[in-house]
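S.K.: Each chain, written out:
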Amino acid sequence: MVTYIKDILTGFYSLLAGMAVTIRYFVKPIVTVQYPRQQLEMSPRYRGYPQFIIDEETHTHRCIACEMCARICPSQLIHVEGIKFPGEKQKRATKYLHEHYYCSLCGLCTEVCPTTALEYSKAYRLAGYRREDFVLDHLKLLQNRQQALGVPITPIPTEQDIAAAAAAEAAAKEAREKEAKAKAEAAKAKAAEAPPEEGKE
Amino acid sequence: MIELGIEEKTYTLNLGPQHPSTHGVLRVLLEMEGEFITKAEPVIGYGHRAHEHMAENRNYHQFLPNMGRVDYLHALAFNQGYCMAVEKLIGLTVPERGEFIRVITSELNRISSHLLWLGAYLLDLGAFTPILYCFDDRENILDLLDRITGSRLTYCFYRFGGVPQDLDDEFITGTRAFIKRLRKRFKDYDNLVTKNIIFIKRTRDVGVFTREQAIRYGLTGPTLRGSGIAYDIRRSEPYSAYPLFNFEIPTGQRGDVMDRYLVRVREMEQSLRIIEQALDKLPEGPIMAEKVPKRIKPAEGEVFQAVETARGEFGCYIVSAGDIKPYRIKLRVPSFGNLSILPEVAVDTLVADLVAILGSFDVVVPEIDR
Amino acid sequence: MNLLTTYLGATLAVMVVGLIGVIALVSVNALFLIWMERKVAAHMQLRPGPMEVGFHGAIQTVADALKLMGKELITPEEVDRPIYYLAPIVVFLPVLLSFLVIPFSPTWIIRDMNVGIVLILAFSTMAVLAILMGGWASNNKYAVLGAIRSVAQNVAYEIPLLITVMSIILMAGSFSLSDIVAAQGRYWYILVQPVAFLLYLTCATAETNRAPFDLPEAESELVAGFHTEYSGMRFALFFLAEYTNMFIVCAIATVLFLGGWRGPFLPGVVWFLIKVYALIFVIMWFRWTFPRVRFDQLITFAWKILIPLAFVNLLITALVLKL
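Residue numbers (the numbering used here), protein chains in the order written: chain F, 317 to 517; chain X, 401 to 770; chain W, 77 to 399.
Be a bit skeptical, because a hint or two may be false.
[As the list claims (entries may be wrong)] Simulated pairs of lysine-lysine, DSSO-like, Cα-Cα distance not exceeding 27 Å: (1) K584(X) x K344(F); (2) K322(F) x K400(F); (3) K380(W) x K322(F); (4) K694(X) x K322(F); (5) K438(F) x K411(F); (6) K587(X) x K380(W).
No lab work stands behind these hints, which were simulated from the structure alone.
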């Protein structure tokens with residue numbers, strides 16, 4: 317009998333305690349943000365899609381088209397093509413496509429890049445009508461960002477540029493090979509001349 | 401005696417793959433006699449994504465993002481299990497600061513997983529507010545982890561040899577503030593849920609299974625500890641920086657739903673203790689091992705590494721044939737074993753009890769199906 | 077008003093005007109209550125609730141009602157048609173008629189019957205019939221199960237309700253609601269009968285199928301409830317009946333325990349509405365705090381705890397009155 321009454325009283329008290337918690341939260345300010353009227357800022361390391369870093373000195377990207385990012389991507393989403401332009405020391409990217417619809421934002425591409433050419437963007441409001449809208453052309457996006465920043469735009473190499481560069485590279489290679497051959501022959505000729513001169517004495 | 405010509409039959413009820421008490425796409429076939437269940441059979445496989453098959457076709461590096469998706473609620477522990485297995489295979493040691501960062505982030509993730517379980521479980525039982533309080537707390541954790549990892553849910557944060565990015569001061573102050581805040585909130589949860597007579601009546605002495613049953617079915621995690629067996633891999637097969645911390649392993653006595661609930665709530669408090677100690681003792685130093693090979697091509701061999709996730713024991717078993725792709729990766733997930741006891745426990749219960757029992761196992765169905 | 081009186085006669089005129097007023101009240105009340113429920117729920121859950129449609133979502137309910145009216149009235153094939161069509165009407169009508177005897181103010185009462193409280197209790201039993209009709213006619217295994225559960229719950233909780241109301245009637249000495257309000261001149265009955273008030277509130281929550289006793293409409297359980305097969309406006313009628321029923325039981329609670337329209341300064345109607353809506357807020361507060369009670373525990377609670385307590389309360393009231 318006593319336990320019966322005690323149970324009723326403790327049970328009733330527990331219900332009141334629960335109600336006290338809810339009414340306390342009733343008068344607290346709300347914690348939600350009314351998107352899209354109010355928006356939140358992303359944290360500095362937030363992972364949006366990878367994008368080129370705009371180098372501070374050259375105001376352009378640092379990609380040397382080594383294709384390490386393309387090889388390490390788990391979903392094989394990155395397509396890079398590059399060529400060495402005459403007068404420059406390293407290759408430069410001529411095409412950089414990133415199919416964002418399968419990207420798992422793992423970050424392996426940004427970490428493995430030897431020139432740290434990639435960073436995460438802070439874009440999260442991505443919307444499109446077709447899957448093709450999400451194939452990101454990073455050279456084009458870079459131009460947009462450069463325009464927004466007011467720095468000189470890096471031109472995207474066209475087919476003729478690439479062909480000309482390839483031809484120039486091929487020509488330069490030939491020229492080097494010829495030079496190397498000529499040097500070797502000259503050295504051989506010199507070596508052939510020297511002992512008879514000494515022997516003449 | 402009048403013969404009515406009606407035989408007492410059971411009827412089949414289908415708790416279909418889509419239902420509101422959703423823990424994933426799980427289907428439970430029930431045979432019921434009136435209001436009581438005579439047979440419950442879980443049907444799995446609706447969420448099979450072929451993770452283990454993907455492992456055979458990807459490098460060790462490329463498989464990292466997959467681990468976060470197997471169990472997305474405690475993704476960092478799965479990352480840790482896989483990274484530790486590969487580190488064992490190629491012989492890397494993680495520096496101390498790296499281990500500490502791994503422990504802090506993993507424990508924060510454990511708390512967020514338990515908070516989500518708490519909210520969703522109470523939603524199953526019919527209380528509509530605690531889930532929103534839990535999600536409010538969870539937002540803090542997600543923001544903290546967002547600061548250092550960059551993601552909010554499916555983290556791909558650990559790398560072979562350590563962690564790629566370091567903590568910053570704001571994270572440390574933020575975590576300390578969060579610990580204080582969560583301890584205060586636990587009192588509210590106590591009053592709102594744990595001491596509530598309706599909740600006690602719904603969970604006390606419901607879904608009881610004995611220690612022998614638990615061992616026989618191979619349960620792990622809080623489902624096992626609710627029956628009184630204090631088996632926690634962080635204690636029995638210590639790994640990472642866990643031997644340096646003081647924490648208890650909460651257990652229950654009766655093996656009912658209420659005990660499993662209490663074990664998880666107390667585990668959250670113990671996780672807070674671990675995080676506090678880790679922040680106090682955080683050493684300086686490198687966060688990645690020195691010589692991490694860019695191409696991982698381990699020698700032939702096999703390795704097994706078990707870690708304690710929020711749901712139980714996650715085991716990663718890697719067989720390498722000397723190639724850059726693993727020959728086989730087997731993921732032993734805790735929810736698969738934990739669900740297997742459902743047919744035995746669910747006999748002679750009401751459907752309302754079945755919902756309570758299923759929730760208390762804390763099953764994440766995508767990890768069962770992998 | 078005078079024109080109507082000359083044409084129809086006094087009582088009939090009052091009835092006509094009263095019924096029009098009641099229908100208006102019911103619609104506005106449902107509009108307001110649904111908005112209030114969503115806002116109360118939201119603020120208890122630390123979020124704002126409806127904010128888009130109208131100022132802080134004030135006309136959100138109108139938008140929802142328009143949506144429901146635009147829905148197709150699907151009638152499943154094998155239903156029992158007459159009963160299926162009648163069920164929403166039968167669930168709504170008694171609730172509407174219960175407004176006849178409620179004293180909104182000393183003069184605003186449509187028909188002051190001397191069996192007022194008994195009338196309302198009888199009408200609330202009819203609602204149980206309507207639920208059974210709805211569940212049975214749907215030709216759906218789960219709807220029938222839901223309806224049966226609901227009937228069991230309603231019947232079980234009506235008994236302590238009646239007994240609690242009896243103790244108040246003993247004190248007031250009459251069944252008529254305006255007499256009960258008149259008898260609370262010196263002190264409100266809640267001061268002398270707090271236990272009865274709590275019992276009444278619990279039974280009222282169970283009678284209206286609100287959480288924590290909302291098993292018949294539970295979403296996260298299997299049995300989807302007696303109104304599964306109803307769509308569009310028919311479903312809206314069930315819904316409307318539930319909210320109006322909530323108003324009625326809180327109105328009865330105000331009359332029996334909180335002194336009806338009594339209060340200083342403000343006119344009687346305003347005090348009445350304030351008290352009713354305060355009690356409705358308390359019932360909503362219950363819903364957003366407690367988990368659902370399991371069905372067998374619900375019935376056990378009614379029979380083993382509420383009924384003995386109600387009887388004890390009645391006995392003590394009777395003894396005290398005798399002495």
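S.K.: Each hint needs a verdict: does it hold in this structure or not?
M.R.: Hints, verified against the model:
no. : hint              : verdict
1   : K584(X) x K344(F) : holds (15 Å)
2   : K322(F) x K400(F) : violated (87 Å)
3   : K380(W) x K322(F) : holds (14 Å)
4   : K694(X) x K322(F) : violated (68 Å)
5   : K438(F) x K411(F) : holds (23 Å)
6   : K587(X) x K380(W) : violated (32 Å)
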